[in-house]
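Put the two chains together into one complex; each comes in its own frame, and the hints tell you how they fit.
Chain by chain, the residues:
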Amino acid sequence: MADLKLLERLCTARGISGNEDEVRDLILEEIKPYATSVEITPLGSMIVFKKGAKRPKTKLMLNAHMDEVGMIVTHVTDEGLLKFATVGGIDRRVLCGRPVTVGRDVGGVIGAKPIHLLEEEEKEKSVPVKELYIDIGAKDREEAEQYVTPGDAVTFDSIFDTSHGMVKSRALDDRAGCAMLIDMIQSDLKYDLCFVFAVQEETGLNGSRTAAFAVEPQAAIVLESTTAADVAGVDRENQVCNVGGGAVISFMDRHTIYDKGYYQLAFKAAKKAGVSCQAKRAVAGGNDAGAIHVSRGGVRTVAVSLPCRYLHSAVSLISQEDFTSAQKLVYELADMIAGEEQDD
Amino acid sequence: MDELKGLVFRLCAAPGTQGDESAAAKTAVKELSKYAKAHIDRMGNVIAKMGKPGAEKHILLDAHLDQIGMIVTNIDKHGFIRVDRSGGIDRRVLPGSPVTIYGKEILTGIVCCTPPHLSDGSEDKVVSVDKMAIDAGLSKAEAEKLIRPGDRILFRTAPKSLLGTRITAAGLDDRAGVASLIRCAQMLAGCELNCEVTILFSGREEVGGQGAVTGAYSVNPTHAVIVDVSFAEQPHVPPEKCGKLGGGPMIGIAPPLNRVMIDRMIETAKKNRIPYKLDVMGGSTGTNSDEIAMTRKGVQAELISIPLRYMHTPVEVIDLTDVEHTARLIAEYIKGVE
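One line per chain: the protein sequences are A and B, in this order. With my numbering, you'll find the first sequence wraps up at 344, consecutive numbering, no jumps. With my numbering, you'll find the second sequence wraps up at 338, consecutive numbering, no jumps.
Take these hints with a grain of salt, some might be off.
What the hints assert, rightly or not - So the derived list for chain B, only partly shown, Cβ under 10 Å to chain A, looks like this: (1) H78; (2) L94; (3) G96; (4) P98; (5) I110; (6) P115; (7) K125; (8) S128; (9) I134; (10) L163; (11) T165; (12) P235; (13) M311; (14) H312.
If you are wondering where the hints come from, they were derived from the structure by calculation, not from laboratory data. Note that the structure is predicted; figures quoted are calculated from it, not measured. Using N, Cα and C, we set each Cβ at its ideal position, and we do this for glycine too.
With the rest of the complex left out, here is chain B (with noise of 0.2 Å):
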């Protein structure tokens, strides 16, 4: 486990915001070439090849780079940041945030925090991202001479072991779901398949999920495996959306996954006693399984989930184990592919 703790560290530690996503790339790339050769595409997307050229069957393997962070729109008259939100950061653990922002130079920012005494009762409503600013401790003009608008902006807080197999860091969503291939492919790395296997690590997913849109148009596959995070159970969520942290990946069951892959991707769990959850959607998924399924003539497609607990928070966690347990089920199915 420590080898793929040090993998998702490592990953975790490469900043990556939507359409920034080239640092994050560049990490995936160097990791994924041990196995396969990988490159980055005009998009930002990192896509790897694999497998039997040319075969009736081209499975791609998608997860996506992007984490959630935030973008400078300009700096005000004292010297404060202020910013926008880039993909869904939740707003109440903002406050007194430490953050790093990547100007000229790597800078730490603090969240600004009106002191209690002067909110009027009002310091527990949380404050819209247009009032919100970052305090870099610069004056106006130091600022404008590191910071420009468009620069980006990410929760400030180092990968860290929890007991036993548990991690957290900012960015496991879905990072995770990036180890989770790249493992996957050691684990193909020399085997003979029956099957093209295009790996594609795609940017922009929490602003829209355009990175698999083209990514997947230029790959063309036939199948399509996504892997992201989901829910695990936790105080206060309801159960029936939760997957369990280090009971297994989730198998996705929702209207545009497709019913073949599906009961294909149980039968692989149970044969190769991997355990899992199912995971039950009434309508679209919310992942790039949405998008990735409806590529050109459409594309047969299934979504995995790596479940994980206080998403798009500072301190994401997940199970290691639930990280192997996905590589290993996915391997497995595609080996299983006649």
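Here chain A stands alone, though its shape is the one from the complex (with noise of 0.2 Å):
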């Protein structure tokens, strides 16, 4: 079952790529007293060892990304409004019209002209990145430099609803990973494993390219989330994979041609664990694989997701039954692929 306090914890947090810090100390904490080391990369990536009852035949990684997306501050205006950039691939319709958090604990507002003056091609169009600004309530450019300053990182409010088997919140995309792992990390292990917590995927796989250059492993598992379009309007061939059918394991996507052994294995793991499971049914997106598959002289790589709706928006969906699934499939398969279990 998924400790859904602890993922609260995380998904509330807050840690756009490039200020992850809020996110590592809260991992930390949590993982320190079952580690067997502790490594902090000189990009802020967390390498965490831990000893398993067996030494493994193939030495194992084990992936998930701290950062989410979110804004930056980059200019305040002499109104005392903030222009922003977006950090990572934000969905840029659901920008208008949502509370925001600025730098520490700063309140803000995306606004949007009030509907009554708009013209009436301007009602049928999301509002343009370049026309939002932050608004924090400040009277002018003095008042807001009080509390504010560029490069001070935006995140969309929080809310966290358990209710009904579902999971509605900020940042699953990845803290749910997140969770995943420190669980792991909580557990006994039959397999020394080594763990990254990465920073700044959303902007470029920076964190985990660094990371798998140091681990230095064999075999690589990331735990991601993946768009679940099975969302009211889209046809089914569409949907790419579906909120309740279970883990997605990848095969192919923008950055990376998965390790077919290994894909055939998940199916093959999560049919000893008990769960059902699914293959991403789209070339979509992309995660951290694309930089760890091709470290040093290559990693054999596979991606296990959670499916999840309205991904790099202000509040995305999950299914707690499908976290749990991922779990025990992504224990079985980890020792598969230390233990060196074939695909038959």
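Below is the structure:
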């Protein structure tokens, strides 16, 4: 069962790419008593080694990223409003009308021109990002600059709801993956394993690229969240994956053609664990596997994702059952890879 | 200001869409009852009496209780909730918005948003309401157990403090006005007045002002002061149509508004050093004052507006000093009635 209290703490922690400290501190506090060793890389990723009962035949690294998409303050206007740039592939259509937090704790909103004053054509188009700004209630530049400065991180205000077997929250991508890794580190392992909590996934896979170099693994499992397009108005063949259908296994995305043997092994692991899983039925998106699988001389890599609706927006949705089945699958798959079970 | 902020936050936390204002009405009655005897009429309006009963001048003070939202029309075969607008909600802010569904239990929903890679380049086109759906993460069977057609949906944003005296919340249009009249009632409580005063918090403003029409008929006043919100200066909006956050109430001048009342309102502001801005409109005002002025054989009416940014979005912004100044302006106006 998912530790929802831990997931809530992870999802309400704030950490856009390049500002992951708060998330890392929280994870460190959770795993420290259980880890054999912990190393922080120069870029800020955290590498955790944990000894298992046996030495692995294949050196396996498990990876999840700590950062989330968000915004960054670029400029303070004379009126005391904040211009911003997006950080990571945020869905620009969902920015307008959102309450946000700037820097450590300054409340703000992303407003819009009132509907009453719009021209007809403006009503039919989402507001261009260049017209958007954050209003923190400052009267002018001087007041605003007492509280914020260009470079301050901006995140959506948190919502966390776990009713009816779902989780609706900010930053499930990829704090849900972090929660799974934490759970593994806190358990007894069959084999020695390396865990990477990566920075800067959303802005170019930088954390995992450098961490994989440091770890030098032979194999990797990437834990992610991936777009579930099973929403109103999308035909079945375009849905990519389904919430409630179990963990999602990728054969190919925009950055990676996945190891075929491990792809098949993942389905076998699901069967062995008695949980459902599904193929990612589209070549779309990408994740840390893109950097990890080409690290040094190459790393056999598999991605296990949670189907997640409204990825990269203020509130996304996963199923608790998917979380639990992905977790079971990953335990099984890690043992199979580390113990070198063959796909037959 | 903290006391006033608490009042505005409590009012904004109570849901009240058109025709379903009861939670907001109960909250307003509770707050208003500290200063005047208040009740809820058969249309769901809140009515409270103050001042001198039977006086020659009977002033109606109106602010609308309802806020924009959505209404459930049906549940589709996949459990997604289909909706229509209740009031002029801004469709541009809907995709991906968290919302609260007031079903048999209170549920968190998300307005469906097709992933950008599936939009064939049309992702910036705003979807029409009949194509929109709300995702509560429920199957059809679960959704049908908890949600019925007619249930109401509101933006899910908690009221929040910004810098200084500015705040943000959904539904400040027109809970800010309601708050200003409750604060005005507090200022008038215990005063000897020469007129009769009736406070009306009316329903259904955003769908035509039916609450104000029937409320004003029942109250049968000689004069009326309507408090609503209007545009505050912000980028991309013409300044001539705007007040200024923190710049005080906007005193309305428009054909349906009474010139004598307008001039007395300006005089009152000047005399009491209350900041204000004139808000000139060439036709009807688009507020309850249009309806109230035409009640029975006619009512002399004046409109006072609280400047507000980002109207009809989940993140409306006001400055609490404007609420306080609006309350003071109207209280002083009433105290000055001979």
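So, going through the hints one by one against the coordinates:
For B:H78, the interface hint holds, since its Cβ comes within 10 Å of a Cβ in chain A; the closest pair sits about 7 Å apart. Proximity of B:L94 to chain A holds as hinted, the smallest CB-CB distance being about 8 Å (cut-off 10 Å). Hint on B:G96 holds. Least Cβ distance to chain A is approximately 3 Å, under the 10 Å limit. The beta carbon of B:P98 is positioned within 10 Å of a beta carbon in chain A (closest approach about 4 Å), and the interface hint is therefore held.
The restraint placing B:I110 at the interface with chain A holds, with a minimum CB-CB distance near 6 Å, inside the 10 Å limit. Look at B:P115: its Cβ gets to within about 5 Å of chain A, closer than 10 Å, so that hint holds up. Interface restraint check: B:K125 against chain A, minimum CB-CB distance 6 Å, threshold 10 Å, status holds. Taken as an interface hint, B:S128 checks out: its beta carbon lies about 9 Å from the nearest beta carbon of chain A, inside 10 Å.
Using the Cβ-Cβ criterion of 10 Å, the hint placing B:I134 at the interface with chain A is satisfied: the shortest such distance is roughly 9 Å. Taking 10 Å as the C-beta cut-off, the interface hint given for B:L163 holds, the closest approach to chain A being about 4 Å. For the restraint placing B:T165 at the interface with chain A, the shortest Cβ-Cβ distance is roughly 8 Å, inside the 10 Å limit, so the hint holds. Proximity of B:P235 to chain A holds as hinted, the smallest CB-CB distance being about 7 Å (cut-off 10 Å).
Restraint check, B:M311 versus chain A: the minimum CB separation of about 4 Å is within 10 Å; hint holds. A cut of 10 Å between beta carbons decides the hint on B:H312: the least distance to chain A is about 5 Å, and the hint holds.
In this structure, every one of the numbered hints holds.
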